[in-house]
Amino acid sequence: MDCQVVQEVLQFYVDGELDDDDELELEQHLGQCAACRTRADYERRFKAAVRARVPLEPAPAALRRQVEQTLAEQPAPRRLPRTLVWGSIPAAAALAMLITFTWTVTSGFSPLVDEAVSRHSSEPPVEVSSHDSSEVENWFRSKVDFNVALPRFHPRNLSLVGARLSNLAERQAALVRYQHGTRRFSLFVTTAGGEDLSANHCQRVHQRKFCSEERRGYTVIWWRSHGLLYSMVGDGGPSDLLSMLASTPEE
Amino acid sequence: MFSKRKDKQYQEFCDQAVEYLDALYGTALRLTSAPARAEDLVQDTYVRALRFRDRFDPGTNLKAWMFRIMFNLFINQIRREKRGRQIKEGHEQPDMLQRMLPDEHMAPTSRPEEYFFEKMFSDEVIRALSELTSDFKMVVLLADVNGFSYKQISDILGIPVGTVMSRLHRGRRALRDKLHAFALAEGYIRQDSEESESEPPADLEAYRRRKRAGREEE
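Chains as they are written, first to last, in the numbering used here: chain A, 1 to 251; chain B, 1 to 218.
Check the hints yourself; a few may be wrong.
As the list claims (entries may be wrong) - In silico DSS-like pairs for lysine-lysine, Cα to Cα no more than 25 Å straight-line:
| hint | chain 1 | residue 1 | chain 2 | residue 2 |
| --- | --- | --- | --- | --- |
| 1 | A | LYS47 | B | LYS119 |
| 2 | B | LYS178 | B | LYS119 |
| 3 | B | LYS137 | B | LYS151 |
| 4 | B | LYS151 | B | LYS211 |
| 5 | B | LYS63 | B | LYS119 |
| 6 | A | LYS209 | B | LYS137 |
| 7 | A | LYS47 | B | LYS178 |
| 8 | B | LYS178 | B | LYS137 |
| 9 | B | LYS137 | A | LYS47 |
| 10 | B | LYS137 | B | LYS63 |
| 11 | A | LYS47 | B | LYS151 |
| 12 | B | LYS82 | A | LYS209 |
| 13 | B | LYS82 | B | LYS63 |
| 14 | B | LYS63 | A | LYS47 |
Stated by the list, open to error - Pulled a few chain B residues facing chain A out of the computed Cβ check, cut under 7 Å:
| hint | residue |
| --- | --- |
| 15 | ASP22 |
| 16 | LEU29 |
| 17 | THR32 |
| 18 | SER122 |
| 19 | VAL125 |
| 20 | TYR150 |
| 21 | VAL161 |
| 22 | PHE182 |
| 23 | LEU184 |
Hint data in this document are derived by calculation from the structure and do not stem from the laboratory.
In this text, a Cβ means the ideal position worked out from N, Cα and C, and glycines have one as well.
Turn these sequences into a full structure, and let the hints steer you where they fit.
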């Protein structure tokens with residue numbers, strides 16, 4: 001092996017990609033050639049310098065919890081939800097849900113969208129009436145096993161009406177009702193599970209990823225914050241709804 | 001319903017998958033330079049890994065498989081972003097620009113000053129890395145920071161091994177150029193430090209072919 005060849009394959013040597021024979025040959029050359037030895041040393045030291053100076057930071061605790069929850073909550077690939085029939089739902093509605101679920105599962109979409117739209121459009125009555133976000137947060141305190149932190153929307157865009165307990169994707173949910181003129185909106189707050197936000201239309205506003213999906217004339221926009229999943233359902237297009245949400249001051 | 005054996009398999013999969021969380025997040029953070037985006041990327045990676053885990057061959061490397069999912073997501077993201085940008089800024093060809101850069105800082109003289117990168121701080125190297133085009137950043141992160149082999153990188157990024165080798169060569173060169181510029185600006189080295197030309201990136205396969213041909217002649 002001469003200097004020309006050594007120069008050509010030095011990168012592979014440093015990366016440990018040479019065959020044993022070639023490596024031996026190259027090292028024999030390095031033993032005799034100071035110039036090539038310097039070059040090899042340089043390449044090795046550069047690689048080591050990069051590695052030493054670009055540490056991989058550990059995952060934040062919140063992300064670890066989120067990932068562990070995802071792993072705990074999604075027991076099988078492409079599996080139907082464990083419970084398809086809720087006691088309170090009439091048989092016909094349950095059948096409709098079953099069809100919906102089958103469709104959503106086979107098409108790869110989260111059942112969450114359909115469920116959120118169904119629950120929004122059935123307009124269940126609120127259990128607590130209030131215009132005050134803090135009051136509603138307090139009301140949920142003893143009722144759900146997570147800390148309901150509500151976004152503070154600009155009252156010009158969305159004014160709070162009230163709230164009730166609900167479910168979404170087999171999880172406890174805080175359902176919070178908002179109003180804009182005569183239009184009604186439902187915000188579902190649940191613990192974040194294995195929802196794949198990336199499969200949908202997403203965009204970033206104020207460092208936060210908002211994803212949207214339109215279904216049956218409604219728009220669902222969802223986002224994650226502090227290990228919770230927020231799903232807002234309303235009529236109007238995604239950009240319309242997003243502009244209302246985007247005026248939210250950052251928590 | 002799932003049998004106990006499958007539950008056990010699932011548990012093993014999860015236990016192993018969660019071991020790569022720090023490596024995935026650390027790499028995602030360097031890729032995106034934005035903690036919130038890195039967190040989303042990693043979370044999406046796990047969701048996808050679970051959804052498609054029946055496609056994972058248990059005899060193969062789970063870490064490389066998870067990295068492949070994450071890099072796929074990242075590549076799709078930057079493609080979408082690029083499409084959006086092109087409307088405003090026109091087409092960009094980072095590879096073309098990099099090809100035109102002079103081939104500096106590759107083959108040093110024996111002067112100790114040439115090891116300027118050893119005088120640099122972590123944040124300077126991280127900043128230089130963040131300024132590389134995504135194609136280069138990805139291979140440097142996979143090879144130099146995570147220690148993946150050419151073959152693994154080729155699988156993770158879905159590109160031929162030859163492309164991995166040339167991107168790695170050019171990516172390191174681009175990184176070295178940036179660090180050299182920082183080192184000059186910060187006064188770690190003097191302007192007049194000598195640089196010599198280096199050989200163009202080699203091709204491992206071409207070398208092996210040549211070698212085989214040489215043997216046959218003998």
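So which of those numbered hints doesn't the model satisfy? Of the numbered hints, 5, 13, 17, 21, 22, 23 do not hold.
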